[in-house]
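Produce the complete structure using the sequences and hints provided.
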Amino acid sequence: MSTRKYKRLELAENQLKTAIGLFVAGADKFSVITLAGAADVILCRLVLNTGQENFTDLLIREFSNECPSKETRASHGGDINDLCHINDLKHMDKGDDGFIDMDVDECALGAILKALANYVRIGGREKDFVRTFLAWVRLNLDPKKYNIHCDPNWKPSK
Amino acid sequence: MTEIRYHKRDIAKLQLMTAVALFLHGKDLSSVITLAGAAGNILETLVRNEGKEPFVDYGCKVCRELSGKMPKRKSYLYYINTKFGVNQHKHMSEHDPETVELDLDKMAVDAISKAVLDYIKLEGQKESFVNAFLSWTWKNMDGPGIMDNFMKLPKKLKNL
Numbered sequence: 001m002s003t004r005k006y007k008r009l010e011l012a013e014n015q016l017k018t019a020i021g022l023f024v025a026g027a028d029k030f031s032v033i034t035l036a037g038a039a040d041v042i043l044c045r046l047v048l049n050t051g052q053e054n055f056t057d058l059l060i061r062e063f064s065n066e067c068p069s070k071e072t073r074a075s076h077g078g079d080i081n082d083l084c085h086i087n088d089l090k091h092m093d094k095g096d097d098g099f100i101d102m103d104v105d106e107c108a109l110g111a112i113l114k115a116l117a118n119y120v121r122i123g124g125r126e127k128d129f130v131r132t133f134l135a136w137v138r139l140n141l142d143p144k145k146y147n148i149h150c151d152p153n154w155k156p157s158k
Numbered sequence: 001m002t003e004i005r006y007h008k009r010d011i012a013k014l015q016l017m018t019a020v021a022l023f024l025h026g027k028d029l030s031s032v033i034t035l036a037g038a039a040g041n042i043l044e045t046l047v048r049n050e051g052k053e054p055f056v057d058y059g060c061k062v063c064r065e066l067s068g069k070m071p072k073r074k075s076y077l078y079y080i081n082t083k084f085g086v087n088q089h090k091h092m093s094e095h096d097p098e099t100v101e102l103d104l105d106k107m108a109v110d111a112i113s114k115a116v117l118d119y120i121k122l123e124g125q126k127e128s129f130v131n132a133f134l135s136w137t138w139k140n141m142d143g144p145g146i147m148d149n150f151m152k153l154p155k156k157l158k159n160l
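Top line first, the protein sequences correspond to chains A and B. Position 137 of the first sequence, counting from 1, maps to 137 under the working numbering, and the rest follow consecutively. Position 107 of the second sequence, counting from 1, maps to 107 under the working numbering, and the rest follow consecutively.
Honestly, the hints are just simulated from the structure, not real lab data. Treat the hints loosely; a few may be bogus.
Unchecked claim - Here are the computed lysine-lysine pairs in the DSS-like style, where the Cα-Cα straight-line distance is at most 25 Å:
{"hint": "1", "chain 1": "A", "residue 1": "Lys158", "chain 2": "A", "residue 2": "Lys145"}
{"hint": "2", "chain 1": "B", "residue 1": "Lys61", "chain 2": "B", "residue 2": "Lys139"}
{"hint": "3", "chain 1": "A", "residue 1": "Lys127", "chain 2": "B", "residue 2": "Lys27"}
{"hint": "4", "chain 1": "B", "residue 1": "Lys52", "chain 2": "A", "residue 2": "Lys94"}
{"hint": "5", "chain 1": "A", "residue 1": "Lys94", "chain 2": "B", "residue 2": "Lys106"}
{"hint": "6", "chain 1": "A", "residue 1": "Lys7", "chain 2": "B", "residue 2": "Lys152"}
{"hint": "7", "chain 1": "B", "residue 1": "Lys83", "chain 2": "A", "residue 2": "Lys7"}
As the list claims (entries may be wrong) - Only part of the chain B face toward chain A is listed, based on derived beta-carbon distances under 10 Å:
{"hint": "8", "residue": "Ala21"}
{"hint": "9", "residue": "Leu24"}
{"hint": "10", "residue": "Arg48"}
{"hint": "11", "residue": "Gln88"}
{"hint": "12", "residue": "Glu94"}
{"hint": "13", "residue": "Ser128"}
{"hint": "14", "residue": "Leu134"}
The beta carbon of each residue, even a glycine, is placed where N, CA and C say it ideally should be.
As structure tokens, then:
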């Protein structure tokens with residue numbers, strides 16, 4: 001056992017890689033959500049450090065083009081995390097009854113997609129775990145609902 | 001959308017089982033630390049809700065005996081979660097450097113140990129993943145040596 005220096009990108013990448021491995025293997029989806037959520041916190045900051053906008057900023061900008069909003073990065077990021085129940089899976093306050101109603105498959109998919117959107121801005125799409133997940137997306141998701149080919153001009157079918 | 005009702009007790013167990021499985025199979029230690037940390041946070045509250053003493057509260061008492069001052073639980077928990085690498089794997093603020101020094105091997109063992117100790121207070125020691133981890137630590141962390149040192153401690157520290 002010894003201490004060494006790690007890049008935070010390496011810590012985030014390893015957690016996201018494990019999350020995707022568990023997801024495609026059909027293993028524990030709660031762990032997928034927690035790992036993708038933790039990786040995404042680091043990735044959000046690293047993307048900003050490169051001078052790019054992160055996924056949360058992109059969503060705020062796209063929505064505010066259609067409907068002006070005063071939403072901040074922190075509030076919108078918190079809302080997305082709540083949708084995926086990321087905080088519920090790592091916290092329990094005094095007085096909390098402990099029950100959660102959720103679609104764990106949808107939340108696991110959402111947590112990975114958000115983290116991956118940030119990861120590709122820094123790490124690109126060439127790593128095996130990214131290619132594996134994108135292949136899973138093409139094989140398993142509805143192309144009317146999801147942008148399975150990562151087309152920048154894609155719009156969901158109405 | 002198919003929503004199902006879950007309880008955090010079951011979610012914490014699953015995350016801890018996954019952490020132990022990844023650890024014993026030699027997989028990514030950052031993931032082990034994050035999962036054990038998440039499970040540990042939930043288990044701590046569940047243990048306290050049952051009127052029992054979680055690891056963190058016991059640790060506060062050890063600090064009091066050693067330093068003469070009882071730390072605040074929140075501060076001590078933050079200290080422990082940093083010491084065990086949990087915070088560094090799920091937070092990064094604007095002014096944090098892009099590198100961090102960690103002993104992932106030790107932190108993974110410590111983070112799982114904390115969560116497993118609270119899990120045992122809730123559910124006992126009957127689960128195979130708990131026994132697998134305890135066997136690993138006994139063999140690889142010098143269990144007999146740790147027990148020898150514990151037995152040499154003053155009585156007031158052993159009986160906190």
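Q. Against the structure shown, which of the earlier numbered hints fail to hold, in ascending order?
A. The structure conflicts with hints 2, 5, 6, 9, 13 and 14, although it agrees with all the remaining ones.
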